[in-house]
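K.L.:
The primary structure of each chain is shown beneath.
Number of protein chains: 2
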Amino acid sequence: MARAIRAHNMAERLSIMDISSEARGVLRTLDVADDITDEYKDIITTADLVVLATPPGIMKQIGSDVVSHMKSGATLTDVASIKLDIAKHFTAFMRDDIALIPGHPIAGTENSGPAAGFAELFQDRWCILTPDDHVNSQALEKLQSLWEGIGSQVAIMDAARHDVVLATTSHVPHLIAYTLVGTAMDMETVTRNDVVKYSAGGFRDFTRIAASDPQMWRDVFLQNKDGVLEVVDRFIEDLSALKRAIRWDDGDTLMEHFSKTRDIRRHIVDAGQDTDKPDFGRES
Amino acid sequence: MARAIRAHNMAERLSIMDISSEARGVLRTLDVADDITDEYKDIITTADLVVLATPPGIMKQIGSDVVSHMKSGATLTDVASIKLDIAKHFTAFMRDDIALIPGHPIAGTENSGPAAGFAELFQDRWCILTPDDHVNSQALEKLQSLWEGIGSQVAIMDAARHDVVLATTSHVPHLIAYTLVGTAMDMETVTRNDVVKYSAGGFRDFTRIAASDPQMWRDVFLQNKDGVLEVVDRFIEDLSALKRAIRWDDGDTLMEHFSKTRDIRRHIVDAGQDTDKPDFGRES
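Respectively, the protein sequence lines represent chains A and B.
Position 122 (the first sequence) corresponds to 122 in our numbering; numbering is contiguous.
Position in the second sequence (first residue = 1) + 1000 = our numbering.
Derived by calculation from the structure, the hints in this document are not laboratory data.
A quick note: this is a predicted structure, and the numbers were derived from the prediction, not measured.
We put the beta carbon where it would ideally sit given N, CA and C, even for glycine.
Among the hints, a few may not be true.
[To be verified] Straight-line C-alpha distance at most 30 Å; calculated BS3-like pairs for lysine-lysine:
| hint | chain 1 | residue 1 | chain 2 | residue 2 |
| --- | --- | --- | --- | --- |
| 1 | B | Lys1243 | A | Lys88 |
| 2 | B | Lys1243 | A | Lys225 |
| 3 | B | Lys1060 | B | Lys1225 |
[As the list claims (entries may be wrong)] Just so you have them, the derived chain A footprint on chain B, three or more residues with Cβ under 8 Å:
| hint | segment |
| --- | --- |
| 4 | 1066 to 1080 |
| 5 | 1136 to 1146 |
| 6 | 1175 to 1189 |
| 7 | 1193 to 1204 |
| 8 | 1249 to 1255 |
[What the hints assert, rightly or not] Partial chain B-side listing against chain A, Cβ under 10 Å, derived:
| hint | residue |
| --- | --- |
| 9 | Ile1209 |
| 10 | Asp1219 |
| 11 | Phe1221 |
| 12 | Val1228 |
Extracted from the complex, chain A is given alone in its bound form (with noise of 0.2 Å):
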């Protein structure tokens, strides 16, 4: 994000602060912000603009203590993959002087850390923001064009609706990632040299969405346990009703189910959201 508000010269001033002492000295050797320090409460006191981006259990842990120290007339927002959860636990501390928008761009690779970051990664994405009906407009208006300005489209929905969509879109989808790579792995039959070489079936695609970072998906799964929940359940008797249909040789119920998945591709082709562009900055 401060690579692609750099480039779009979306701030006069940037600052960045990190715990880790290694992501802020990748973070001076890009020279992405003006300021780079290990403690947040010398930025956010003079701060328009306060972006939360940690894992969502540290986002609660710290919330009450940033918000203390913002300035009156300041915005509050962050990128976490949920947002009911996190809007819940903000409320009990939140000043009426402060104005919280919860947001999520739906734009990442299964790489972290600053140097997986490209300035062009929102280029043509989806920024979601989760305002409540109170939200002061002006401060909304504003935020909207930061991301517009570094790319994004903006959609503006309810925290429960975000987080019911999202289980189905990205956090199912990379549950099941993580249990097919850990299924493959203990298959005593398949040794993972197998696994390596003949990835290029199917698998290698799995593999990629379970690289992601291990932390902030064990908060996304607890945060957003009954979106979660539901999308599972559902799967699990889909993928029943399917291996039954193997068992018993019923290739039109099996015929009939793949291709009605096959059209959805076409429309994610058309939408620009089949793949991230330019392909610099990602793993090679």
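For this one, chain A is given, so just place chain B on it according to the hints.
P.N.:
Chain B only, in chain A's frame:
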């Protein structure tokens, strides 16, 4: 395969039979073969090598007739994703003067038809051959040279082992992707439009896999039933364990599981199996 053979000049004469007049039209435009016909008897009677590239179900229907028309001393191979069931089927009518060497290149995209091919598809990918113990060693060497000549690495293993390895690295990943895309399409609370817009969160990788040819995959699941059902059952067990960890807020179990799957990705990237290259010829 025809494009690759042409590009590497690996055949004196290359003839293609396709029942689809549309496919034959595309093949003529592409100019990838010396002969293009709708009748396999026209070409297999003089061929040194016959490559069957139909869905597995069709392969079993035409196998006996194909074998009866081949010339003495020729080799018969295929490119199907399952091996044991087909090998068993062919045993009944194989001739001693023909070398049967089943094959499976672990390469491909979600797109099908002659227009979706590209000569570099097999570059640095593995091709598995599953001959039986009595195979003519000269014929095997010749077929191996062909695959190596178009860029592949060749692995030789028995058909049963192929089927359980591929159930893990290809068949079950496809079944899971088809299932999840279907589950998402059936959610009452998530619209088709939501799924398309927010697919960059992980879902789009599943739609890519679930856009593969339905008829081919129906045949694969029915003909590798034992391998597929075993891996699916283990997968459901593992998913249920993670589901339970989420329900009971057991973050340690999730963290442990998610951390161990990250490593395999690095091995796949190191082995050059992480992506199909080059990008041209694929959907844009």
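K.L.:
Each hint needs a verdict: does it hold in this structure or not?
P.N.:
Verification of the hints:
Note on Lys1243/B and Lys88/A: the hinted pairing holds, with a Cα-Cα distance of about 24 Å set against a maximum of 30 Å. Taking the CA atoms of Lys1243/B and Lys225/A, the gap is near 9 Å; set against the 30 Å cutoff, the hint holds. A hinted pair counts as satisfied when its Cα atoms are at most 30 Å apart, and Lys1060/B with Lys1225/B qualifies at roughly 16 Å. A stretch counts as covered by a chain when three or more of its residues have a beta carbon under 8 Å from one of that chain; for the segment 1066 to 1080 of chain B and chain A the count is 0, and the coverage is violated.
Using a Cβ-Cβ cut-off of 8 Å, 0 residues of the segment 1136 to 1146 of chain B lie near chain A, which falls short of the minimum of three, so the contact claim is violated. With 14 residues having a Cβ less than 8 Å from any Cβ of chain A, the segment 1175 to 1189 of chain B passes the three-residue criterion, so the hint holds. With 11 residues carrying a beta carbon less than 8 Å from a beta carbon of chain A, the segment 1193 to 1204 of chain B meets the three-residue requirement, and the given coverage holds. Counting residues of the segment 1249 to 1255 of chain B whose C-beta lies closer than 8 Å to any C-beta of chain A gives 4; at least three are required, and the coverage claim holds.
At about 5 Å, the closest approach between the beta carbon of Ile1209/B and any beta carbon in chain A falls short of 10 Å, and the interface hint on this residue holds. With a cut of 10 Å, the hint placing Asp1219/B at the interface with chain A holds, because the nearest CB-to-CB distance is about 8 Å. Interface restraint check: Phe1221/B against chain A, minimum CB-CB distance 5 Å, threshold 10 Å, status holds. Because the beta carbon of Val1228/B sits about 6 Å from the nearest beta carbon in chain A, less than 10 Å, this interface hint is met.
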